[in-house]
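In order, the protein sequences belong to chains A and B.
With the working numbering as the guide, the letters of the first sequence map in order to residues 1 to 303.
With the working numbering as the guide, the letters of the second sequence map in order to residues 304 to 844.
For the record, the hints were derived by calculation from the structure and aren't laboratory data.
Warning: the hint list may mix true and false statements.
Facing chain A, according to a computed beta carbon distance under 7 angstroms, are these residues of chain B, among others [to be verified]:
id, residue
1, 403
2, 407
3, 509
4, 534
5, 536
6, 537
7, 693
8, 697
9, 824
10, 827
11, 828
The C-beta atom is built at its ideal place from N, Cα and C for all residues, glycine as well.
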Amino acid sequence: MRSVLVRRGSGSYPAELEHLTDPPSCLYVLGDLVCGDARRVAIVGTRRASRVGREFAAELGFGLARAGLCVVSGLARGIDGAAHRGVLDARRSVPGVPGPLAVVGSGVDVVYPAEHRELWESVAATGAVVSEFGPGTPPLPHHFPARNRLIAALAEVVVVVESAERGGSLVTARLALDLGRTVLAVPGSVRTPVNRGTNVLLRDGASPVLDVSDVLGALGIAGLASPAGPTPARRPQCPAGALARRVGELLAAGPASPEALADQLSVHPLALTGAIEELAQLGLVEQPGLWWELTPAGAAVDW
Amino acid sequence: MGLSFSQPVTVDRWHTRRLTVPVIEGPQPAFPRELPEVAVLAMIAAATLLGAVGRPVTVEVHVSSGLPGFTVVGLPDEACREARDRVRAALLSSGFAWPMQRITVNLAPSGQRKGGSVLDLPIAVGLLAATGVVPAESVTGRAFLGELGLDGSLRRVPGIVPMVAARRDDRCVVPLDCVSEGRLVAPDVEGASCLGELVGVLRDGMPWPEPAHPSPPDAGERPADLADVRGQAFARLALEVAAAGAHHLLLVGPPGAGKTMLAHRLVGVLPDLDAETALEATILRSAAGLPLARGLLRRPPMRAPHHSASLVSLIGGGTAALRPGELSLAHGGVLFLDELAEFPPSVLDALRQPLEEGVVRVTRARASVVFPAAVLVVAATNPCPCGHATSPGGCRCTATERQRYVRRLSGPLLDRFDVRVVVHRPPEDDLLALEPGESSTSVAARVAAARERAHRRGVVANAQLPGSRLDELAPLSDPARERLREELRAGTLSGRGLHRVRRVARTLADLAGEDGPLALSWVALALQLRQDPARHLQVAA
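Given the sequences, and given the hints that come with them, work out the whole structure.
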């Protein structure tokens, strides 16, 4: 696929970019920049996202795309990639939804990170990969703040899913605020570092996002489409024993290592292991890294 | 011509022509006025150190008429050749005359290279005997070991214990500082603080001086107590399991989580060394020239080499005497490798085989020695360069950085660690709120009881249970078997890992005092005590 050069002032050059003090003189586009007339929402967040964060980003991407919105993100690891995947899933299940729009910090032909090649190609095939850097430009660190300003300018609403206290997504949020865009943040545990940035945004006055409808509400299109994820009226009770339920309760507040769990519950590792085993057998917890956390099924349980 | 090489010490005279020397004015020298015959030979029993083994050496001192000179032959090394100057100065400082004759010292057997300064004293004694200062009988049946100072003092040398052991049949004379060390293997070891004192005993029949501090027996003092560790239930359990089953232990955690603190408390819960290991450990320590203030090493030693340590310093070797390395100095005890990933890969690779065999073979062109090295390895590492990958989103490293870091940890070395736990940094509040932990003494009692159970299976600890006999010695209950089958099917456990999990589960059951087939709970806990530090890599992808 060949990239197309869109000059500033041409018809397909996004008008929103004129809001910037330094709009790029041209854009390199892989795919179709038009995205219909869809309104644009950005989903940004840390590259080192937790599993919960990535799942939520995918859920948002899915729901927003189904609601007819164009989801803008940066094709990075973590939240960005998950949001794009959510949009692609939505396109697969419902034909005709707007494709994803990715703004990248390298040339549109320089796939970074390398493991996103397939995703990169899918985004280009269904939506567009956009860059202000010419083909062949490597992903240098200083390109990403520049990329972030384009994301902030292109979107009407910026949703920050997970961000560390000094993460790049907070930079995007600040740029968006400067441009008069709405910034929303997904709340998280006060204990985990990946949620600190978003929680700070919430404290500073950003509106929280609990599901897709909150984003739609910020765009003034509440009730236009029902959120994609089924919200069960009554959450299932935990079928496990007392200790296991206390473990679940702690994990609901955020992922934790067995060591931390044992200390908080003051139980012997043997008893704790038994409880974790019980929950794992029920498919409620899993160990994605060096810690334990709730599975989606576990997150749905009323501990 | 009564030269006899079969007896270790003889002073033999041949030729009977006597020379007279002019009478010297002033105080009478200790040296006899009449020089001995044209040629005199003295043979003194001594020993040198190779690795951690003493090798008997006979020092032959030949004094004859001819151009005055002093040669040392018999493959001496540099330190040994310098003995000439030390011996000469020491004799003169002690008030003895230097024979203006031709002196040849041969170190027999001449084919072996001899190193170190331990032969200073035997050379000096040989000269004293050859020149008649001390009577020949007084050195017969004795062996002499020690370095000389220019003032005639006797200085300690490394390896007294193994060298005395090699000369057990002779009554050894060593520097006074080393007497207590020597008496660990031979009760009749005597010492002197300087040449003058030694001559006083040998010639004038003075009593042997008593060493200043008769060594108090090692009181088994336990340094750091586990009671200082608050919370950290998994790390404490891992420590107990490692001690009870002699399972190598890996602690993974962010900086400041207390990994080093935990590791230093492992020695305190290990049982005392058995007699054989204690002697081996003492010999190795002596061979490395380390002080043995408390005599025989009864408590397991702990060595914590820095990650900049060279291969030779860890494994053993070197140019002159093939010194034991840190690995052997930790024999019977704990080798603590802090910041495991910072050790050069070549060093870590070299550790693998000794860990498996319990001995180090150091082979050089000149000699080959075997050092015992049955150690319990405790290693600590960060999960990634920044150290925070143990908590979700805590890590600030790039994926490449983490991959590169973990690659150093992974592979066959990681497989050697049966117990691997994540240590977390307890929240500041907890440090004050939590009760002091169980003390080392009560943990050590459980460890000792568990080792007793292992003894009944015919091994020192469960880590040595042979894989072929696991079905018989560590049978599994049906649910436990099913659980392990699941892990094998899911690919989270390898065949070798399976054996290791079973051994750790056996140790867990032993600590709880349970016999019979292993319950599911022990296997599940053993699996929980076997974290893969590379696991966090999958999260970022």
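Which hint numbers doesn't this structure obey?
1, 2, 3
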